[in-house]
Amino acid sequence: MPTAISVKNLTKTFGKLTAVDNISFDVEAGSIFAFLGPNGAGKTTTIKMLTTLVAPTSGSITVNGFDPTKNANKVRKSFGIVFQDPSLDDELTAYENMFFHAGLYHIPRKETPARIKEMLEFVELWDRKDDLVKRYSGGMKRRLEIARGLLHTPAVLFLDEPTVGLDPQTRNHIWTYIKKLNKDRGLTVFFTTHYMDEVERIADKVAIIDQGKIIANDTSANIVAQAAQTGGEAGGVKTLEEAFIKMTGHNIRETEAGATDHLRQMRGAWRGARR
Amino acid sequence: MVGSLGQPILFLVALGFGFGPVYAAAGGGNYIQFLAPGVIAMGILFTAVFSGIEIIWDRQFGFLKETLVAPVSRTSIMIGRTLGGATVALIQGVVVLIISLFIGFHPSFVHIPAAILFMLGIAVIFTALGTGIASLLEDMQGFQLIMNFVVMPTFFLSGALFPLSGVLGTIARFNPLCYGIDGLRATLIGVSQIGVGTDALVVTVVALALVGIGAWLFRRIQV
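Protein chains in written order, with this note's numbering: chain A, 1 to 275; chain B, 1001 to 1223.
Stretch-level coverage of chain A by chain B, calculated; a stretch enters the list once three of its residues show a Cβ under 8 angstroms from a Cβ in chain B:
id	region
1	47-56
2	70-79
3	102-109
If you are wondering where the hints come from, they were derived from the structure by calculation, not from laboratory data. Note that CB positions come from ideal geometry on N, CA and C, so glycine has one too.
Given the sequences, and given the hints that come with them, work out the whole structure.
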C-alpha cells in the first residue's frame, strides 16, 4: 500500500526545548491514523511541521510524495486541514468562506459552485449557506471547516482535536462524515485527540507521543494487549485509555501558559463582543 | 466604524474650538484650518496600525491561518492584507474630512484628489508598519506597548496638532507622518512647511520600503 505520509528522524527544537525528538512513523494511504499524547507532548508541533506551518530542525517529511520544506505549495494542495481553533471569517457567509477557499486553492471557476454545493450538502449545511458564520454554533463551524478543508479534493485530511467542546450528536456526525469519506473516496485521515473512545472506534492505527518521543505505534487492540502484559499495575488494562495512562503516567502534565493560551482566554472573555 | 470616529471628532471639536482663539491671538491664523488635516491623518494612523495589529489575533483564531496554509505566496497575502487595511483606513480619513467640513474646515476642493493620494500613502505606510510589527508579536500584550511607545509619539511629533520648530521640528523630520501631514496641508489648504514635492517623495519611498520590510517579516511568521 502506498504511503501518504512518511516521517523519518524528525526533530524540532525551540532554543533549549526539544518539542519533537527524533520521531519516525508512516501513514498508509487510505487509512485513518490517530496521534495521541498528553499535553505538551509535541502533537501540534508535529502537525504544524507536516502542514508547512513550521520548519523542522532536522529529519525528513514526505506528504503525498512531496517534501514540505522544498515543495510547500504542492504539499498544500494535497491536504486539507481543520485546526483546533476556528479559522473562518466570521463576517462572511458560509458560502463566501467556501468561495474564498476555492480561490486560494486555484479551483477552476466553472467547477466551484458545484463543488461548494456538494460539500455543503455533505455536511448538511446547504440550507444555511447564506448565513453569516458568526451566527453558527461551534459544531456547525467545525462541520463547515471540514467541508472547506475538502473542497479542493485533497488526498489527506488533517484534524487537530476536531471534536473538542462538541456535544455527542455533533461528534457522532463528524466521525460519520469522516468514515464515509475514508471509505468512499479513500481519504487518508490524520487526527490528534484526547478522546480515546474515538480512537478505539475509528482509527486504523495509533501512535502515542510523549515528551517528544513516540512510545507506541500500532493498532489500538495491540497497544492495549501489550500494556496489559507488561508488569506494574495490578488489575487488567482493557481500554486504550487505561493503556495510555499506564504508559504515560498518572501525573498531570503541567505546561506553562503560552501565547496561544493567553489568546484563548481573551477570546473567551470577548466572545460576542469582538468589534 | 462609528466608534472609532469618536476620537477624531473629539479632537476637532475640543481642540479646534478650545485652542482656536489662542492660536489666532498668537498670530497663527485659523486653527481649524491647520488642525483638520492633522486630525484626518490621526484617523488614518490609528485605523491603519490597528488593522495591521489584528494579525496577532487572526494568526490563531482567524482567517489568517487558513491563508498561511494555502498554496498562495506569503508576499501576496501580506500585500493583499495591507491594501485591504489601508483601504479601510483611507475611508476613515475621508469620513473625518467630510465631518470636518461641518465644523468649519474650508479646504481647496480642487485639490482633494491629490490629498486623497497623500491619505492613501499614510494609510499604506502605517498598515504595513502595523503588519510588520504584528508579525513579530505573538501576544496582544505587546500591543499596549506599541500604542504607547510607537503610535503616540509618532502622532504628537508629526505637526498634526501644532507647528513644529526647534528641537521637536528636527526630530519630526525623521517621522514619515510629518511629511504626510505636510502634504495634506499643502493640498488642502495650500500651506506647507516642507514642500509638497519632498512630501510626496518621502511618503512614496517610505510606503514602498515598509511594504517590502513588512512582507519580509510576514514571510518569516511561524504559526
